[in-house]
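Just so you know, the protein sequences line up as chains E and F, in that order.
Quick note, my numbering runs 58 ahead of the 1-based positions in the first sequence.
Quick note, my numbering runs 58 ahead of the 1-based positions in the second sequence.
Copies of one chain are not kept apart here, so a pair can be met inside one copy or by any two copies together.
Derived BS3-like pairs: lysine-lysine, alpha-carbon spacing no greater than 27 Å straight-line:
no., residue 1, residue 2
1, Lys304, Lys359
2, Lys364, Lys324
3, Lys364, Lys304
Quick caveat, the hints were computed from the structure, so don't treat them as lab data.
2 protein chains.
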Amino acid sequence: MANLIGRMLVAQSGGPTAVINGSLAGVIQEAGRYPDLFPQESDADDEPVPVVYGALNGILGVLNEDFIDLEVEKRATIEALKFTPGAALGTCRYKIDFQNKPEQAARDVDRLFKVFEAHNIRYFFYIGGNDSQDTAFKVHEESVKRGWEMRVIGIPKTIDNDLANTDHCPGYGSTIKYNAATVMEVAADIGSMATDDGACCLIEVMGRDTGWIAAGTVLAKRDPASAPHIILLPEVAFDEDRFVTKVKETISALKYCIVVVAEGIKDAAGNRIGLDTTQIDPFGHGLLSGAAERLAQIVSKKLNIKARTVKLGYAQRSAAHFASATDIEEAVACGEKAVRVAVEGKSGYMVKLERESNQPYRCTTALQELKDIANVERLVPREWISEDGFLPNEHFVEYAKPLIQGELPIPMQDGLPRHAVLDRVPIPKRLPPRES
Amino acid sequence: MANLIGRMLVAQSGGPTAVINGSLAGVIQEAGRYPDLFPQESDADDEPVPVVYGALNGILGVLNEDFIDLEVEKRATIEALKFTPGAALGTCRYKIDFQNKPEQAARDVDRLFKVFEAHNIRYFFYIGGNDSQDTAFKVHEESVKRGWEMRVIGIPKTIDNDLANTDHCPGYGSTIKYNAATVMEVAADIGSMATDDGACCLIEVMGRDTGWIAAGTVLAKRDPASAPHIILLPEVAFDEDRFVTKVKETISALKYCIVVVAEGIKDAAGNRIGLDTTQIDPFGHGLLSGAAERLAQIVSKKLNIKARTVKLGYAQRSAAHFASATDIEEAVACGEKAVRVAVEGKSGYMVKLERESNQPYRCTTALQELKDIANVERLVPREWISEDGFLPNEHFVEYAKPLIQGELPIPMQDGLPRHAVLDRVPIPKRLPPRES
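Throw the hints in and build the complete structure from the sequences for me.
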């Protein structure tokens, strides 16, 4: 495949993770390994023009030509991105919505390609989850349709771990490592206060309609008596009576009960226990916010015991201070792989993780066509969950355990983490402002 | 002062902290330095009888003669206590309540001294907060009244940092270190998602009627624009209109706003914003659980923006994985000091922390009479809070910053913390069961 001369553009989309910037660092560092493939252009003043752009706030930044020069960022800053939560480029939840807003979507796509042409952007790397891979897929399809030679590669990112066709997703390992540690710590606390009255703590975790995150806390369980005692997954219909009975049994035996609740649990009729229908996001998802509080009310009323709640919220997807070394390394590797395969000529793929073995754990990066990723949701398999539905079983543990291994020394300053801050040197705009 | 021959008893009470077991380790390790002062007794079988007892679940364990032998615990286990959250001996919220239950209290005190005599307990170390120091004070007073020569020393412990007459309390530094890191991380996440619509996240922290914990998150603020943007303290009356205006201003300027809310905030009339009056604990405290959710409703309704919440709950008092090295060391030092001064003949005191200098930070242990501690609550001084009441000022930062410094390597196993587990070898009971 002949060299394709032109700029690289990288953007981040959707909810951040503790390691999403690891993939960004991987893209930037790998791009630097191909100086011959991307010769520096010169602008009118004979100044070199940067070849690696970052778009601010995802696809919105592309539409608005909000680009920054990633080549002038300090090497140390790029390296520190691996320990920095949030999306260093900013992110968005903007959707190019052909189905519901076809006219706006058509205008958006026209604008995108005007921007690509104006800046001679030939490589587009989009770090994101399900919805973002869908956007990447559309950009790829349009580039083919329009004959704009371009290489579009998606880089997976989601704490939810719900992308299809990849063993797991960067971001997931760090979230379950932090959540499992939190469960251990809260259990040590609550367990040590437990008297005959009994105590119950409900810890709500994220994951939308899938139970991967909740299931991951089972790694805290080092013996049958230790927490978590119950994990409620969206994959198993919630039955209030069975749940209350299980809490009661646990408290009778141990004096306390730690319950991990996925935010998206549903009853047999499909009603979400924690749905707040008053707030809906642009993708049509409702805001899930109340499952633990709801269950605490049930427990305290039916069993007459104190029920406390913990809602980790965004803390669980940004806890870079306790990230998994395995996860960081894989996030970086996914970014590097994206650049490598794009240089080799690939387009329309997402980088995926393929597990080669569990003991020792070995995982490599590979490719999957974007059309197989977008808008497909992967659930925790029923055969990875105990018969009674209250805990993931040994198959899940075998799967999840390698993903939380290892810790890296975190850059600190005055007793707190030191995060990378990009200089964000703007690229001059070449087009009139977008008409939305 | 002549040597006082007899057993030592240590117990833990109230809500645990990340470092409460550090003080326990300090007591056990220091006790081991006085083999001559505490010669091994022999029981009927000529077996040596342990001289350091632990009571399970605080004063309740003393009443019930639930003692374990702390001298047979492995040295490595004792050392690992310094990194183990929860109360390794178990804790309780049982109160000897002379005011409201005088007959029960009198029976309890009689029983306590029967137990002390039966086991020849001459040293009693009680690791706890406000209510627990009150219990220690009563035990001390009764020992004098009854002529049972005994040395009673309180060891401070509370994440709330509300004990009077000590510079600060072990447990506090680790909580604000973890909370401040969480605020930084959540802010990186939310800030990177912020678009023109604006975003608000309300992070609820503990602290009951004082704002020490909430105030501590100001350490996350490294420049005027960084989070937290608003910290709501119980020391400043909550005014809904002023709050909403401040959130609006912040979002106009930065597109997002991170609010830290103390669970105990009150309006000018003294009504707690987050009080759940349906659950009251044995000390008469209501359960505080809803301030952030309540404010999120207000923000999303009045400003029409998405308001998310994080409720760290017990995670913030058990986050040993990110404890402050300064805090751990001081907790250990308080335990050691208690044993040292008891051996020297002191009784009726609490160990306190005295700051000698800020730069470099130097802090030593000293003594304060228990009567000056019990049931006094210390608030954040008004002169440590900004004029508008929305942030602690530089005086507070100078006070709090040294308390979060330093990290120690945490024992890990399979990617998660490894906590100490005591063998808990029981001491045979010598009395008939307690009649309650």
